[in-house]
Amino acid sequence: MYSDKVMDHFKNPRNIGELEDYNAVGTVGNPKCGDIMKIYMKIEDNIIKDISFKTFGCGAAVATSSMATEMVKGKTIEEALALTNKAVAEALDGLPPAKLHCSVLAEEAIKTAIADYYKKQGIDPKPIIGCNADCAHCCEH
Amino acid sequence: MKIIYADHAATTRVKPEVLEKMRPYLTEEYGNPSSLYGFSYNSKRAVEQARENIAGLIGADVKEVYFTGCGTESDNWAIKGAAWANGKKGKHMITSKTEHHAVLHTCQYLEKQGFDVTYLDVDKDGFINPDELIKAIRPDTILITIMFANNEIGTIMPISEIGRIARERSILFHTDAVQAAGHVPIDVNAMNIDMLSISGHKLGAPKGVGVLYIRKGVKIESLMHGGGHERGKRAGTENVPHIVGLGEAARLAKAYMDENIKKVTAMRDRLIDGILKIPYTRLTGPTENRLPGLASFVIEAVEGEAMLLKLFEYGICASSGSACSSGSLDPSHVLLAIGYPHHIAHGSLRLSIGEENTDEEIDRIIEAVPEVVKKLRDMSPVWENGKPAWA
Numbered sequence: 000m001y002s003d004k005v006m007d008h009f010k011n012p013r014n015i016g017e018l019e020d021y022n023a024v025g026t027v028g029n030p031k032c033g034d035i036m037k038i039y040m041k042i043e044d045n046i047i048k049d050i051s052f053k054t055f056g057c058g059a060a061v062a063t064s065s066m067a068t069e070m071v072k073g074k075t076i077e078e079a080l081a082l083t084n085k086a087v088a089e090a091l092d093g094l095p096p097a098k099l100h101c102s103v104l105a106e107e108a109i110k111t112a113i114a115d116y117y118k119k120q121g122i123d124p125k126p127i128i129g130c131n132a133d134c135a136h137c138c139e140h
Numbered sequence: 000m001k002i003i004y005a006d007h008a009a010t011t012r013v014k015p016e017v018l019e020k021m022r023p024y025l026t027e028e029y030g031n032p033s034s035l036y037g038f039s040y041n042s043k044r045a046v047e048q049a050r051e052n053i054a055g056l057i058g059a060d061v062k063e064v065y066f067t068g069c070g071t072e073s074d075n076w077a078i079k080g081a082a083w084a085n086g087k088k089g090k091h092m093i094t095s096k097t098e099h100h101a102v103l104h105t106c107q108y109l110e111k112q113g114f115d116v117t118y119l120d121v122d123k124d125g126f127i128n129p130d131e132l133i134k135a136i137r138p139d140t141i142l143i144t145i146m147f148a149n150n151e152i153g154t155i156m157p158i159s160e161i162g163r164i165a166r167e168r169s170i171l172f173h174t175d176a177v178q179a180a181g182h183v184p185i186d187v188n189a190m191n192i193d194m195l196s197i198s199g200h201k202l203g204a205p206k207g208v209g210v211l212y213i214r215k216g217v218k219i220e221s222l223m224h225g226g227g228h229e230r231g232k233r234a235g236t237e238n239v240p241h242i243v244g245l246g247e248a249a250r251l252a253k254a255y256m257d258e259n260i261k262k263v264t265a266m267r268d269r270l271i272d273g274i275l276k277i278p279y280t281r282l283t284g285p286t287e288n289r290l291p292g293l294a295s296f297v298i299e300a301v302e303g304e305a306m307l308l309k310l311f312e313y314g315i316c317a318s319s320g321s322a323c324s325s326g327s328l329d330p331s332h333v334l335l336a337i338g339y340p341h342h343i344a345h346g347s348l349r350l351s352i353g354e355e356n357t358d359e360e361i362d363r364i365i366e367a368v369p370e371v372v373k374k375l376r377d378m379s380p381v382w383e384n385g386k387p388a389w390a
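Line by line, the protein sequences are chains A and B.
Going by numbering that gives the first Met the number 0, the residue at position 87 of the first sequence is 86; the numbering climbs one at a time, nothing skipped.
Going by numbering that gives the first Met the number 0, the residue at position 88 of the second sequence is 87; the numbering climbs one at a time, nothing skipped.
The shape of chain B in the complex, shown without the other chains:
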């Protein structure tokens, strides 16, 4: 059976061009970039070329790009590093309730260390209210960390506005751009971003490589201590092949961004229109300021994990924020934060499209989802006479 991959927000395939760029650094070019002899120069040059590509993607200076092991490390580093380096100035940080766990759990960890964190509410589409952000700022606020785009519902936060608010008050602004980088335009200077996290495998590079952009002059403690790699800020021998892969993925993302946004948005919108024809189905997240590839729904009276298992019978890979699919008793914190009650949030379905998807695949998904929903509703005790028991 042919796989229809509609889970690009979870991870992406390594692009063939990316793999080709990486190949020499997995084979003959194995020199350590820190070594002195000529044999290692190519490795070093390749890492610096990748750094330039990343800088180009987000409008940064090459000296502000630091390679890490993953997006989670980048988030941990930005938040803990900024908290520890600026803890004498203040102990207060601001984030939102719909952040990824890499941010939320890091903030909770810092709370145990004596930091104070404000978790901003979001509206029904997942946006924070900039006025509430301003109100939450205190004299001891040292960091604002708000995600660029949400991984479950696709909400693109008002980043420029948040950046302006933070800059005017000389508060550091970090954004988890794991879902956004390479998919929507980012300009760290125009948007007043001080730190920004990227994960390689969300944009066609392999798993196990990430980036933290750190604006020049930002004080941040290191998480990794050891050699003088990454200008002494992140010790550990560079993962040269993966870094090269991320650099190439960033170059491709920048070169084809307009084209990809157009193509992917069109497929996403067709998918949304198709799925919303199913009765008692709602789009989660906004219609505007939404990630190009992300289509997310709640479908009443069916359970998310059951939907995923049935969809895979059609070869379709998707994901869900239902409790059962996460192995916990509660549905996703994001769906609860945008106001869905538990019994509705259990019917969560996320389809995330990439530029590799085709119109035929979108057609196939639009055919399959209603069939799956019908089968599950037919066996559901909470689906009666063509509507949910609670309707």
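Next comes chain A alone, as it looks inside the complex:
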């Protein structure tokens, strides 16, 4: 049911754990839905220097978190904000239809962490990110 790539990222998740010196963090999902992603970032000079994640959820939730962190690592904030759920799913050679919401969650987790970075700088993230990055609503996907 899962592609080899999904299984690889599930079995060997990249960037797993909590960064020691993160300066941005974002959590999406809620325990009721059974998927929670927490993304830690170390952002310097507009670049995501380091990134990690912790995920409570199914195989697809872990794999999409892992893949999304790989895809934005070393990228500028603008490049990271341009990451779409579709790109995450494609990079994993596709997801079963019932699991596409996991890739949406991964996209939102990245955006939420960046929003947190802006908020900590005293900048309103809403005009930049397009929402107030209060994404604890996974059940709606």
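Heads up, none of these hints are tricks.
Over 10 angstroms on every C-beta distance to chain A, these chain B residues come out as not near it, computed from the model: (1) I2; (2) D6; (3) E16; (4) L25; (5) G58; (6) N85; (7) K87; (8) H91; (9) I164; (10) K206; (11) H228; (12) A265; (13) C316; (14) D358; (15) E359; (16) E360.
Listed below are several chain B residues computed to face chain A (Cβ distance under 8 angstroms; list not exhaustive): (17) A300; (18) E304; (19) A305; (20) L308; (21) E312; (22) A322; (23) C323; (24) S379; (25) P380; (26) W389.
By construction, these hints were calculated from the structure, which means they are not laboratory data.
Fair warning: this is a prediction, and the values are worked out from it, not measured in the lab.
Cβ coordinates follow ideal geometry from the N, Cα and C atoms, glycine included.
Fit chain B to the given chain A structure using the hints.
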């Protein structure tokens, strides 16, 4: 890697003895039991021998055993057939909230046709309360359908009591015994069961064959119309090899039942003791009146599907009632019905043991599950300082 199969509530391996009994009917004995010439007699005799074996397993008369295509067909037939045949007497039926979807979705279908269904609550261990059943009975109640044993949490319902209540009020009683048949003793007469569903592949027969026991005198419409097979009640050429397989599986189940219950229960209890050592882990379902092979849990702060994928890295086949493992947004209706909130029910794990399992395999599972849980908790944002975020 060696597979450790701990998902016998999902399906079972065809027993070697069963396959041997089936083999001639897949090869040289291909006669149609309905044909007149001598060549088909062996097929006919084999089907009738299988019928006798099934009757023997549940204490029925051979004329009360009807072969079907699967357990789901048996449930559909019993419920729709009884509803349609008795709809003039009344439109009310009673079931429970923890039935298999083969029963629940059939009841929901009949609701759309104008029937009225009461879904009884269950307690924290999954038992219905017989007093609530009595209260739910109305003058127009025509059918009570309550499962013999639950497929997710192993609860064995108070079947004799339900049967007595139904019989005293002349209400039909159907039970989905798909998880129970061949695994625990069943006596349709002592238990006052009017209809009972069996699925072959849960007891060592192949997939694609089932049984509906229908007590003599019970009025029931047919689902399948056509030839006069199964005494005119279920048309369709008999699946002779599979029926033979189910008959042999039933014979073996009866012959070895006491021995198997003892062996499987001991393995199950050891498994339960081992898994419950994991912190923030609970047994789902009862400790008494529980299916011999079924060990089920909720393990907090880990998600069921992730657990299954990781367990399979150890070769262990298990199952879960989590939302993600079912492809829906909600965890299993059974776990919700016994009172678990969503965030706990997501951590559901079911291990179902059969007599083919070994003590070594149980040891291996008891070693593997805590390792898997630790790995997943280590990466879980809801596991903090050795406990779930909500604890």
